[in-house]
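**Student:** One letter stands for each residue in the lines below.
Protein chains: 2
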Amino acid sequence: MIEEDRLEICFCGSGGQGIITAAIVLAEAAGVYDGKYVCQTQSYGPEARGGNCKAEVVISNREIDYPKASHPVFLLAMNQASCDTYFSDLKPTGLLIVDATLVKKIPTGRVVAIPFTQIARQQIGREVVGNMVALGAVGYLCQAVSPESLEEAVAARVPAGTEDINLRALRAGIEAAKKFDLDTLPELTMEEDE
Amino acid sequence: MIEEDRLEICFCGSGGQGIITAAIVLAEAAGVYDGKYVCQTQSYGPEARGGNCKAEVVISNREIDYPKASHPVFLLAMNQASCDTYFSDLKPTGLLIVDATLVKKIPTGRVVAIPFTQIARQQIGREVVGNMVALGAVGYLCQAVSPESLEEAVAARVPAGTEDINLRALRAGIEAAKKFDLDTLPELTMEEDE
Numbered sequence: 001m002i003e004e005d006r007l008e009i010c011f012c013g014s015g016g017q018g019i020i021t022a023a024i025v026l027a028e029a030a031g032v033y034d035g036k037y038v039c040q041t042q043s044y045g046p047e048a049r050g051g052n053c054k055a056e057v058v059i060s061n062r063e064i065d066y067p068k069a070s071h072p073v074f075l076l077a078m079n080q081a082s083c084d085t086y087f088s089d090l091k092p093t094g095l096l097i098v099d100a101t102l103v104k105k106i107p108t109g110r111v112v113a114i115p116f117t118q119i120a121r122q123q124i125g126r127e128v129v130g131n132m133v134a135l136g137a138v139g140y141l142c143q144a145v146s147p148e149s150l151e152e153a154v155a156a157r158v159p160a161g162t163e164d165i166n167l168r169a170l171r172a173g174i175e176a177a178k179k180f181d182l183d184t185l186p187e188l189t190m191e192e193d194e
Numbered sequence: 001m002i003e004e005d006r007l008e009i010c011f012c013g014s015g016g017q018g019i020i021t022a023a024i025v026l027a028e029a030a031g032v033y034d035g036k037y038v039c040q041t042q043s044y045g046p047e048a049r050g051g052n053c054k055a056e057v058v059i060s061n062r063e064i065d066y067p068k069a070s071h072p073v074f075l076l077a078m079n080q081a082s083c084d085t086y087f088s089d090l091k092p093t094g095l096l097i098v099d100a101t102l103v104k105k106i107p108t109g110r111v112v113a114i115p116f117t118q119i120a121r122q123q124i125g126r127e128v129v130g131n132m133v134a135l136g137a138v139g140y141l142c143q144a145v146s147p148e149s150l151e152e153a154v155a156a157r158v159p160a161g162t163e164d165i166n167l168r169a170l171r172a173g174i175e176a177a178k179k180f181d182l183d184t185l186p187e188l189t190m191e192e193d194e
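Top line first, the protein sequences correspond to chains E and H.
Numbering of the first sequence is given in the numbering used here, commencing with residue 1 and proceeding in unit increments.
Numbering of the second sequence is given in the numbering used here, commencing with residue 1 and proceeding in unit increments.
Hints are computed from structural coordinates only; laboratory data are not their basis.
Here the structure is a predicted model, which is why all the values come from computation and not from measurement.
The beta carbon of each residue, even a glycine, is placed where N, CA and C say it ideally should be.
Check each hint, because a few of them may be wrong.
[Stated by the list, open to error] Covered by chain H, according to a simulated footprint, are these stretches of chain E (three or more residues, beta-carbon under 8 Å):
#1 23–31
#2 38–46
#3 54–67
[Stated by the list, open to error] Chain E is faced by these chain H residues, among others (derived, beta-carbon under 8 Å):
#4 I24
#5 A27
#6 E28
#7 G31
#8 G35
#9 Y37
#10 V38
#11 C39
#12 Q40
#13 T41
#14 Q42
#15 Y44
#16 G45
#17 P46
#18 P67
#19 K68
[To be verified] For each label pair, taking beta carbons as the anchor points, the in silico distance ranges come out as:
#20 E:D5 <-> H:Q118: 36 to 46 Å
#21 H:G35 <-> E:D84: 18 to 28 Å
#22 H:T85 <-> E:D65: 14 to 24 Å
Start from the sequences, fold in the hints, and give me the full structure.
**Tutor:** Laid out in structure tokens, this is it:
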């Protein structure tokens, strides 16, 4: 679902949660394996040390003029602080996706809340693949990449020998996201500007 | 050495050479550990499958308005095709850095040619860390990050258990780059536009 021929997705969380890797895998799935135009960005400032981490992916059917995701349609927040910080960037018609293990104060009803970290720990046995569980959910919900491309991109990007647990994590995230019916959610995350 | 308060560095090569990882580590060294403002970008188009791969890093002492490296001061080319494609982006006063193992046709005398892949194979025993050898050279030559920050960023980003070979590769790249005296190089890579 690429509205206006430009889909902006933002991944945020704390350093060490694998946010950048998840964004790169989505970008490679769309760009390398699905043949879309993609731009993937991350920025760091003096506040980056020990703090929040944000990575952006822009996917389009045409060449991309501006590479930043200033008003994402999908915002993944993997911890409370980044949810608090970046929620206001989300388009009013966008969708918030949170790690329900770590984000307890959710600022909208237009949300898909899935315990990514808990699923990684309990179903896969490795909390470190929580990012791949989240990627599975984001990839499924954004409808911009095929599951096959996501799997190819995961297998090509993760460290050799960890393909299996990463792919299992990805699929667990896809399955968890399938249980949500977006049509039952409120239409807006916040009041639109008048 | 951040000229005009904005240093643009471009990494290119073929997919699988670890170009994006090298760019991310440089970005994290400068942004997270050295407290600079950094933006790191990669783009993919329909031509990305099996082809060249390019990643960009912009480092500044101030907030960065435009995140792309349209005219890099340092261009690392890890294979011949990407050297041929991206050399013309380099600033005339910029510096070309190539993997001499794989780039045989070098379009300028203003070049630092180091056999990154061969060093990785012969000194480290793992060709796959050629990207870290190259990163060591680029990090040393661009003077925008401290060696300590580079080491911290490498250790934090590479897969657990591979820190040692990656750090050895980084240091081998730094040592190789130290042998070059940039003052003896021609001042321009190409004719400046009149």
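**Student:** Just to be careful: measuring from the Cβ of P46 (chain H) to every Cβ in chain E, is the smallest value less than 8 Å?
**Tutor:** holds, 4 Å
**Student:** Taking a Cβ-to-Cβ distance below 8 Å as contact, does the segment 38–46 of chain E have at least three residues touching chain H?
**Tutor:** holds (count 9)
**Student:** Mind checking, does the segment 54–67 of chain E have 3 or more residues with a CB under 8 Å from chain H?
**Tutor:** Since 3 is at least three, the answer is holds.
**Student:** Any CB of chain E closer than 8 Å to the CB of I24 (chain H)?
**Tutor:** holds, 6 Å
**Student:** Tell me if G45 (chain H) is really an interface residue toward chain E, meaning its C-beta lies closer than 8 Å to one of theirs.
**Tutor:** Interface hint status for G45 (chain H): holds (5 Å vs cutoff 8 Å).
**Student:** Do the numbers back the hint for V38 (chain H), that is, is its least Cβ distance to chain E under 8 Å?
**Tutor:** holds, 4 Å
**Student:** Go through the hint on K68 (chain H) and say holds or violated, using the shortest Cβ distance to chain E against 8 Å.
**Tutor:** holds, 6 Å
**Student:** For the segment 23–31 of chain E, do three or more residues have a beta carbon lying closer than 8 Å to a beta carbon of chain H?
**Tutor:** holds (count 5)
**Student:** Verify the CB-CB distance for T85 (chain H) and D65 (chain E) against the hinted window 14 to 24 Å.
**Tutor:** At roughly 21 Å between Cβ atoms, D65 (chain E) and T85 (chain H) fall inside 14 to 24 Å, so the hint holds.
**Student:** Any CB of chain E closer than 8 Å to the CB of Q40 (chain H)?
**Tutor:** holds, 5 Å
**Student:** Holds or violated: the hint that T41 (chain H) contacts chain E, with Cβ atoms closer than 8 Å.
**Tutor:** Result: holds, 5 Å to nearest chain E Cβ.
**Student:** Hint P67 (chain H) vs chain E: min CB-CB distance below 8 Å?
**Tutor:** holds, 6 Å
Figure legend: structure checked against the earlier numbered hints; every hint is met.
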